[in-house]
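Visitor: The task is simple: from the sequences and hints, build the whole structure.
In the order they appear, the protein sequences are chains F and W. Numbering of the first sequence is given in UniProt numbering, commencing with residue 1 and proceeding in unit increments. Numbering of the second sequence is given in UniProt numbering, commencing with residue 1 and proceeding in unit increments.
The set of hints was computed from the structure by calculation and includes no laboratory data. Check before you lean on any hint, since a few could be wrong.
Stated by the list, open to error - Straight-line distance between alpha carbons at most 30 Å, and here's what the computed DSSO-like set of lysine-lysine pairs gives:
1. F:K130 - W:K230
2. F:K264 - W:K230
3. F:K162 - W:K290
Treat the numbers as computed from the prediction; the structure is a model and nothing was measured.
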Amino acid sequence: MNNRSKAGRIVLEIVMVLLSLLFLYPLFLAINNSLKSFGEVMSDVVALPKQLAFDNYSYVWSFIDYPRLFLNNAIITVVGLAGIILVSSIAAYKLSRTKSRVSGLIYILCIMPMLIPFQSIMLTVLQLSKDIHLTNSTWGLGVLYWGFGAPLAVFIYHGFVKGIPKEIDESATIDGASGFGLFFRVIFPLLKSVTATIIIIDVMWIWNDFLLPLLMVNGSPSTKTLTLAAYTFVGQYTSDWQYAMTAMVMAVLPSIIVFVFLQKFIVKGVVAGAVKG
Amino acid sequence: MFKSLGRKWGEKLEFGIFTLPVLICIAVAFYIPFAMTIRYSMTKWNGISKHPKFIGLDNFKQIFMGDANFANAAWFTVKYAILYIVIVNVLAIGLAVILDMKLKSTTWLRTSFFIPYILSLVIVGFIWKFIFMQGFESLGDSTGWAIFKLSWLGEPGLAFVSIVAVSIWQSIGFYMVIYIAGLQSVPEDLKEAATVDGAGPVRRFISITLPLLAPSITISVFMALTNSIKVFDVILSLTGGGPGGTTYSIAFDIYRDTFQNNLYGYGTAKALILFVAVLLVTLIQLTLFKRREVEA
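Guide: Below, the structure written as structure tokens:
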């Protein structure tokens, strides 16, 4: 019995590893073909490259101006994230500490938008953003994310602040701290773990987001994001699959590298975000 | 007394300073656009003329009375959502149970199944388009299997299956880690007690693991539902709505009407219907699951 179950485990182990390789095979094929010449891609997708065609990468790199795109993505993500965390954490703290009808109402107003699908308001978001001059600018797009990210962040922070004893606020007040000083020096450090959760889920969302950037910053090559550039690139090079795959690999590579190094935190953050959200 | 009045005002001021920024941000992102959506939905407007023409509820009448595109897109979305929710959750529970068995390769397995989830859906769509169009041809030539010779993006039924499959491939890792977390909170001695009682693995799974997974199932089904009603990115890059316009989802149909056909008023009316649908489905689901969890 014991031997049998041991053998069963080994078989299961082998089956699962094979399954995982099969699961990742499409990604392997994408990388594989990004390193081939056009002729090789056309004749056989599965075969390995005879000679590594790194010039695909240098071609796409300069054609789409990769460093620029990367910088755009970074600006949008950092600006968006910083704002979400700042405005949501102070509001959630105050709302959680204040027990009044107004406070409860504001809290509901903050989290209700989680029920509004983005596609229901995409046209009017674009109209409004044009009116207040947030379009065609990476900074503007970053600022717009403050509102889109706030409902979930307020919700998560609000729940967490409840677990922080009020005595901490009171003793800090006695020590002379108040207002923002009290929040940033005493409370904010205690929110570290939820802030990490919010950073993880929001970075994954903003970095990979497509529809909002498509509406907001697709007008000029200088404001595009990585995903947008890859999208446009494929539209222009419909049959040059080797370039298309190179663009895909270059667009996803930063995410994969970050994930490999931080996967424990990322998985934990994603689970925490889902369970609390 | 004067002092206490001052303190009260000070508190109110501070409350305002702390909460106003988030209210402004949320108003700009959601409430103002939402109010504009309601207004535009009752107009006829192409986005170019200065003043949208007020036409009352005509847009809604037209959508419900005779818009084949919308009806098809709605039916597509319903089919997609049901299949996606059921399959992704069943598979994710299966994977989670296996990964919870502490195999030697658990870390590797978790990483590999999770990786597609960190990638942008549009890009995932393009990579799979390449696989379906070019990769399957090569695989068909080298294996001779008929499955690779089918036109996975060229036939309506198969294109639908492809979209569901690619969506599941991209997101299964997410649901899997939620279930793994759920399983790890099932006390070990409970599982052992059941083994001692002579319960086989299947029996143990049905009568112990599954009920204890209920909270995780609620979360996952909820997430799968909200995501699948809004499906857009993956269709855009994988099939572009084709073949023959058979794979338009509601979100994609709204996008087509507003940004490709410039029917601003009509498109926003559809957008409002999507909102109501999402709201209803969410409320029904929340009440249903709440009741069941209390009973269990």
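Visitor: It remains to establish, for every hint, whether it holds in the given structure.
Guide: Going down the list of hints, with the structure as the test:
no.: 1; hint: F:K130 - W:K230; result: holds, 25 Å
no.: 2; hint: F:K264 - W:K230; result: holds, 29 Å
no.: 3; hint: F:K162 - W:K290; result: holds, 23 Å
Comparing the model with each earlier hint shows no violations; every hint is respected.
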